[in-house]
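Since the structure of chain D is provided, determine the placement of chain L on it from the hints.
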Amino acid sequence: DAGITQSPRHKVTETGTPVTLRCHQTENHRYMYWYRQDPGHGLRLIHYSYGVKDTDKGEVSDGYSVSRSKTEDFLLTLESATSSQTSVYFCAIGGQTNQPQHFGDGTRLSIL
Amino acid sequence: QQQVKQSPQSLIVQKGGISIINCAYENTAFDYFPWYQQFPGKGPALLIAIRPDVSEKKEGRFTISFNKSAKQFSLHIMDSQPGDSATYFCAASPISNFGNEKLTFGTGTRLTIIP
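Chains D and L, in that order, give the protein sequences.
Under the numbering used here, the first residue of the first sequence is numbered 813, with each subsequent residue one higher.
Under the numbering used here, the first residue of the second sequence is numbered 12, with each subsequent residue one higher.
The shape of chain L in the complex, shown without the other chains:
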């Protein structure tokens, strides 16, 4: 079963616009929520991550919004640029004594930014 549901599957946004990708989870033990960015031919790279003790985290043009009661989190990319065109994955993991070794990924969103 898909423990982390991601939508939309693909997204086209005009340059300068806001890109929004949503994820929902079921496992209440999840305690760490990263977003990864992947370019063709490359491995995923961490973009930004959040723990549920805060409702929002911002790094530059990228913001994670987190709603613990709804078990949902989303990625917002402000002032989207052509260089942001990539596939984005949300993920979730419980936090063990070691860390976040048991990541469960969403199915990915292919984002295309058009001029």
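Looking at chain D on its own, in the form it has when it is part of the complex:
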């Protein structure tokens, strides 16, 4: 979908462990985003990046960090996962004027 690959697609881990999710794009978009999707909340922006090494916080950034060392890759890290971070995580790219944001197919993360 729109040249976006998220990995892994599913992950189960334990509270307190570090977790890294990867988003890879082949579209050379400047902007990349991480969202989480939870019932009753829709999609909420965690962090976004507007270029290599340029990132900013979104609405629900606490407990998450991101890195972007290459245009094509945007990593989301949970330093010490908690059960409240159980969610479906979506990566998106794009959002330039007259262009929509395009989403990947998500990573389902369960923290036990």
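Quick caveat, the hints were computed from the structure, so don't treat them as lab data.
Here a beta-carbon is modelled for each residue, glycine too, at the ideal position from N, C-alpha and C.
Among the hints, erroneous ones may be present.
As the list claims (entries may be wrong) - Covered by chain L, per the in silico footprint, the following chain D stretches (three or more residues, Cβ under 8 Å):
{"hint": "1", "stretch": "849-856"}
{"hint": "2", "stretch": "907-913"}
To be verified - Straight-line C-alpha distance at most 27 Å; calculated BS3-like pairs for lysine-lysine:
{"hint": "3", "chain 1": "D", "residue 1": "Lys882", "chain 2": "L", "residue 2": "Lys53"}
{"hint": "4", "chain 1": "D", "residue 1": "Lys882", "chain 2": "D", "residue 2": "Lys823"}
{"hint": "5", "chain 1": "L", "residue 1": "Lys79", "chain 2": "L", "residue 2": "Lys16"}
{"hint": "6", "chain 1": "L", "residue 1": "Lys69", "chain 2": "L", "residue 2": "Lys53"}
{"hint": "7", "chain 1": "L", "residue 1": "Lys53", "chain 2": "D", "residue 2": "Lys869"}
{"hint": "8", "chain 1": "L", "residue 1": "Lys53", "chain 2": "D", "residue 2": "Lys823"}
{"hint": "9", "chain 1": "L", "residue 1": "Lys79", "chain 2": "L", "residue 2": "Lys53"}
{"hint": "10", "chain 1": "L", "residue 1": "Lys68", "chain 2": "L", "residue 2": "Lys82"}
{"hint": "11", "chain 1": "L", "residue 1": "Lys16", "chain 2": "D", "residue 2": "Lys869"}
{"hint": "12", "chain 1": "D", "residue 1": "Lys823", "chain 2": "D", "residue 2": "Lys869"}
{"hint": "13", "chain 1": "L", "residue 1": "Lys69", "chain 2": "L", "residue 2": "Lys79"}
{"hint": "14", "chain 1": "D", "residue 1": "Lys869", "chain 2": "D", "residue 2": "Lys882"}
This is chain L only, laid out in the frame that chain D set:
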């Protein structure tokens, strides 16, 4: 706080009927209003979007109606089909020099079309 309020949470419509989903926003800086469609196991995909300089935009069976003074917008699906069964999200964003990078989403509507 929820800046974009979406209703209803779920909707069941007979095949051939009209499906209507409503959204209301508070932030007057919002200047771009897309609707996304999501099927199970997939990411949201843009369905249709509108800017506030027009009151209505139609693409096939899908129409966005926009009321700037009331700060409301809605999605109408005409001649609803079983293949339209999905979750629909409205969203809103201000328009920056870059574009629409700060989307705020509604909470979603699960639409089911029954034969």
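Verification of the supplied hints:
{"no.": "1", "hint": "849-856", "result": "holds (count 5)"}
{"no.": "2", "hint": "907-913", "result": "holds (count 7)"}
{"no.": "3", "hint": "Lys882/D - Lys53/L", "result": "25 Å, holds"}
{"no.": "4", "hint": "Lys882/D - Lys823/D", "result": "24 Å, holds"}
{"no.": "5", "hint": "Lys79/L - Lys16/L", "result": "15 Å, holds"}
{"no.": "6", "hint": "Lys69/L - Lys53/L", "result": "25 Å, holds"}
{"no.": "7", "hint": "Lys53/L - Lys869/D", "result": "25 Å, holds"}
{"no.": "8", "hint": "Lys53/L - Lys823/D", "result": "16 Å, holds"}
{"no.": "9", "hint": "Lys79/L - Lys53/L", "result": "32 Å, violated"}
{"no.": "10", "hint": "Lys68/L - Lys82/L", "result": "16 Å, holds"}
{"no.": "11", "hint": "Lys16/L - Lys869/D", "result": "23 Å, holds"}
{"no.": "12", "hint": "Lys823/D - Lys869/D", "result": "24 Å, holds"}
{"no.": "13", "hint": "Lys69/L - Lys79/L", "result": "17 Å, holds"}
{"no.": "14", "hint": "Lys869/D - Lys882/D", "result": "19 Å, holds"}
The structure shown violates just one earlier hint, number 9.
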